[in-house]
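Okay, here's what each chain looks like letter by letter:
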Amino acid sequence: MDNSKILSLNGVRTYFELKRWGFMHAGYVRAVDGVSFDLARGEAVTIVGESGSGKTTLLRTILGLAKITDGEMIFGGRNLDYNNSRDLTWLRWQVGFVQQDPYGATAPFMSVHRILSEPLIVNKVPKIEREQRIREALDEVRLIPVDDFLHKYPHMLSGGQQQRLVVARALLLRPMLIVADEPVSMLDASVRVEVLELMGKIQETHNLGVIYITHDLSSVRYFSQRAFVMYAAKLVEKADVNEIVNNPQHPYTQVLLNAIPDPEPENVGKFKEIPSGEPPSLIKPPPGCRFHPRCTRKIDGLCDTEEPPEFEPRPNHFVECWLYKDGDRAA
Amino acid sequence: MIGMRRRKQAVAERGRSPDRTEGPGLKVEDLTLYFRSTAGVVQAVEGVSFELVRGRSLTIIGESGCGKTSLARAILRLLPKNVHTYRGRVFLNGVDVMKFGDERFRKDVRWTRMSMVSQAAMNALTPVVKVGYQVAEPLMLDHVGKKEAYRKAREVFNLVGVPEAFMDRYAFELSGGMRQRAILAMALITDPDIVILDEPTSALDVLTQANIMNTLKKIKQDLGLSFMLITHDIATSSELADEGICMYAGQLVEHSDGQRFYREPLHPYSQKLMASVPTLHIEKKPEFIPGQPPSLINPPTGCRFAARCHRRFERCDEEPPLFEHGEETVKCWLYETG
Chain P
-18 MDNSKILSLN GVRTYFELKR WGFMHAGYVR AVDGVSFDLA RGEAVTIVGE SGSGKTTLLR
42 TILGLAKITD GEMIFGGRNL DYNNSRDLTW LRWQVGFVQQ DPYGATAPFM SVHRILSEPL
102 IVNKVPKIER EQRIREALDE VRLIPVDDFL HKYPHMLSGG QQQRLVVARA LLLRPMLIVA
162 DEPVSMLDAS VRVEVLELMG KIQETHNLGV IYITHDLSSV RYFSQRAFVM YAAKLVEKAD
222 VNEIVNNPQH PYTQVLLNAI PDPEPENVGK FKEIPSGEPP SLIKPPPGCR FHPRCTRKID
282 GLCDTEEPPE FEPRPNHFVE CWLYKDGDRA A
Chain A
2 MIGMRRRKQA VAERGRSPDR TEGPGLKVED LTLYFRSTAG VVQAVEGVSF ELVRGRSLTI
62 IGESGCGKTS LARAILRLLP KNVHTYRGRV FLNGVDVMKF GDERFRKDVR WTRMSMVSQA
122 AMNALTPVVK VGYQVAEPLM LDHVGKKEAY RKAREVFNLV GVPEAFMDRY AFELSGGMRQ
182 RAILAMALIT DPDIVILDEP TSALDVLTQA NIMNTLKKIK QDLGLSFMLI THDIATSSEL
242 ADEGICMYAG QLVEHSDGQR FYREPLHPYS QKLMASVPTL HIEKKPEFIP GQPPSLINPP
302 TGCRFAARCH RRFERCDEEP PLFEHGEETV KCWLYETG
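One line per chain: the protein sequences are P and A, in this order.
By the count of the numbering used here, the first sequence reaches residue 312 at its end, each step adding exactly one.
By the count of the numbering used here, the second sequence reaches residue 339 at its end, each step adding exactly one.
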């Protein structure tokens, strides 16, 4: 195995069982359905998708909060067994989590010092070391002077500061990987970039892997190297961020990018082409390609019956779409 | 009975009024709204003045806590209990509606002339009443018969792109986008001149958001009404705005035409705010604004943005008035000479 890889997912599936009357099996919610990717040390990737596409479940799977139904996840060279609690404890030690809503993610009755002590106490870090680690982490997220912040409570901090506190907490145990679920969606435009820049800097200094989950590609475009597009529990397109933005291949990615506006006064007169319909149910996904009911370029007899495998129409650009079955770029 | 018939007629006529893009619209003069709080008086909206011609659409942008929503509530007189000061003048089609008593304002202005789609509108529908009834309700309260109200409701459902069959459903049976559209239908059913949209799309997905923006544009074209879009999502706001207002710490700092507003804003704060918006299609690294907005309980005496401003000079210790700069107004000493 390549040593630079810290995380590999191979055909990971996470299903939730549905029950009727509490005991009868009534199908599955296929929240993550066959996801594979590798993440190298020091690399940041973004997973873009709409709500309900399964991106949060994917993240919970990586965090060890949801059990893998099928497939394997190799983290730091270990093939994780989700039934082994020691594996899971180790995994959670190694992965830091940055939540979406910083205020909801911190206990309002705990001071900053207490919030940051908690993970260290739980993970039995000796008391002498704790204080130093807390100060280091606060210093790293620029909550300085540290002494001013240690005894504050979350409500005394601004939104940006709260989010930086959450980043500090994620860093405390010196993880190899940080996963961030919409880290800036609750923040004002003026401080979003500050938090993202900070995370980028931390990623560089510690050579961490970072996974961002978002529905807003524009805000993380400058802070990650690769982007994965998720639609109905599958990663339909994987490529470098600039490649995705400039040469989107999957029809879904194309409409998604087309729908994101730039602040331009010309937008006023323009109508956008948006596919009708809504993302499919994950309990009974449509046969074949999951986007075909909404796709304008579907091939009858193929897209609606067979699931597309992964094609590579351009170097390092992977697309799950039948349009690229001949290997070349479809016009 | 006579009063009822008259109102019915008035409502019917309003719907038929031929050309609504002509004539005046909304004019706000020196609108001020303070709240009492345990920590002191919060100066949420401070001396805001602007004019909006009917048929044009306006966006109000600013960071959270800058008074955008309070401004909308002050215009619609939807006030909480802890109001400390509420003054200024609001002209609607040339009539000073601030002089109206609460009852008259409720009957003749709120929802009949101006309506609002409030924040988190996704959760604004009651789960126990069918959506169609909820949308038709404002008309029925306006003493329009049930049949007529439902007919009009069907009309607005078509207008906002919700299938008529959905009128018989409950709110939880609708997707987020559909719920948002139903709320919009509720705001449109009385044929208002102005609809205030407070963060109408922030809880929605990108594709749904783009779909709703398309619908709003179409409604704006077809009905010729004015939208006032309050948002912190600047990129989305550019889809609807003919002109823009930027607010900072309770004050209006810039009011410009859309072209200038998004391309070369005048006020240093608007400039910084525009620079902080990440763009997808154009390559441009976004910047952030250092520092934090001032507290509205004890705001600084001079220009409120001075502490964070990159172009600050001595004059900024005094509060700048609103300067005219061509068509635009801007609250900054840099534009003193005009």
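For the record, the hints were derived by calculation from the structure and aren't laboratory data.
For each residue, glycine too, the CB sits at the ideal point set by N, CA and C.
Some hints here could point you the wrong way.
What the hints assert, rightly or not - Straight-line C-alpha distance at most 25 Å; calculated SDA-like pairs for lysine to any residue:
no.	chain 1	residue 1	chain 2	residue 2
1	P	Lys265	A	Lys219
2	P	Lys108	P	Asp82
3	A	Lys286	P	Gly141
4	A	Lys218	P	Asn239
5	P	Lys306	P	Asn(-9)
6	P	Lys251	A	Ser277
7	A	Lys221	P	Glu247
8	A	Lys285	P	Glu245
9	A	Lys273	P	Ile96
10	A	Lys28	A	Arg57
11	A	Lys219	P	Leu238
12	A	Lys218	P	Gln235
13	P	Lys182	A	Phe101
14	A	Lys82	A	Phe101
15	P	Lys253	A	Gln293
16	P	Lys182	A	Gln293
17	A	Lys285	P	His298
18	P	Lys251	A	Leu226
19	A	Lys219	P	Gly258
20	A	Lys221	P	Ser(-15)
21	P	Lys279	P	Pro256
22	P	Lys253	A	Lys273
23	A	Lys286	P	Lys108
24	A	Lys218	P	Ile255
25	A	Lys285	P	Gln235
Unchecked claim - Chain P regions said to be covered by chain A (calculated; three or more residues, Cβ under 8 Å):
no.	stretch
26	70 to 81
27	174 to 185
28	241 to 248
29	254 to 268
Structure-based check of all given hints:
no., hint, result
1, Lys265(P) x Lys219(A), "35 Å, violated"
2, Lys108(P) x Asp82(P), "29 Å, violated"
3, Lys286(A) x Gly141(P), "19 Å, holds"
4, Lys218(A) x Asn239(P), "17 Å, holds"
5, Lys306(P) x Asn(-9)(P), "22 Å, holds"
6, Lys251(P) x Ser277(A), "24 Å, holds"
7, Lys221(A) x Glu247(P), "16 Å, holds"
8, Lys285(A) x Glu245(P), "14 Å, holds"
9, Lys273(A) x Ile96(P), "34 Å, violated"
10, Lys28(A) x Arg57(A), "13 Å, holds"
11, Lys219(A) x Leu238(P), "22 Å, holds"
12, Lys218(A) x Gln235(P), "22 Å, holds"
13, Lys182(P) x Phe101(A), "57 Å, violated"
14, Lys82(A) x Phe101(A), "19 Å, holds"
15, Lys253(P) x Gln293(A), "36 Å, violated"
16, Lys182(P) x Gln293(A), "22 Å, holds"
17, Lys285(A) x His298(P), "24 Å, holds"
18, Lys251(P) x Leu226(A), "18 Å, holds"
19, Lys219(A) x Gly258(P), "19 Å, holds"
20, Lys221(A) x Ser(-15)(P), "55 Å, violated"
21, Lys279(P) x Pro256(P), "13 Å, holds"
22, Lys253(P) x Lys273(A), "28 Å, violated"
23, Lys286(A) x Lys108(P), "42 Å, violated"
24, Lys218(A) x Ile255(P), "14 Å, holds"
25, Lys285(A) x Gln235(P), "21 Å, holds"
26, 70 to 81, "violated (count 0)"
27, 174 to 185, "holds (count 3)"
28, 241 to 248, "holds (count 7)"
29, 254 to 268, "holds (count 3)"
In the structure shown, a violation is registered for the earlier hints numbered 1, 2, 9, 13, 15, 20, 22, 23 and 26, in ascending order.
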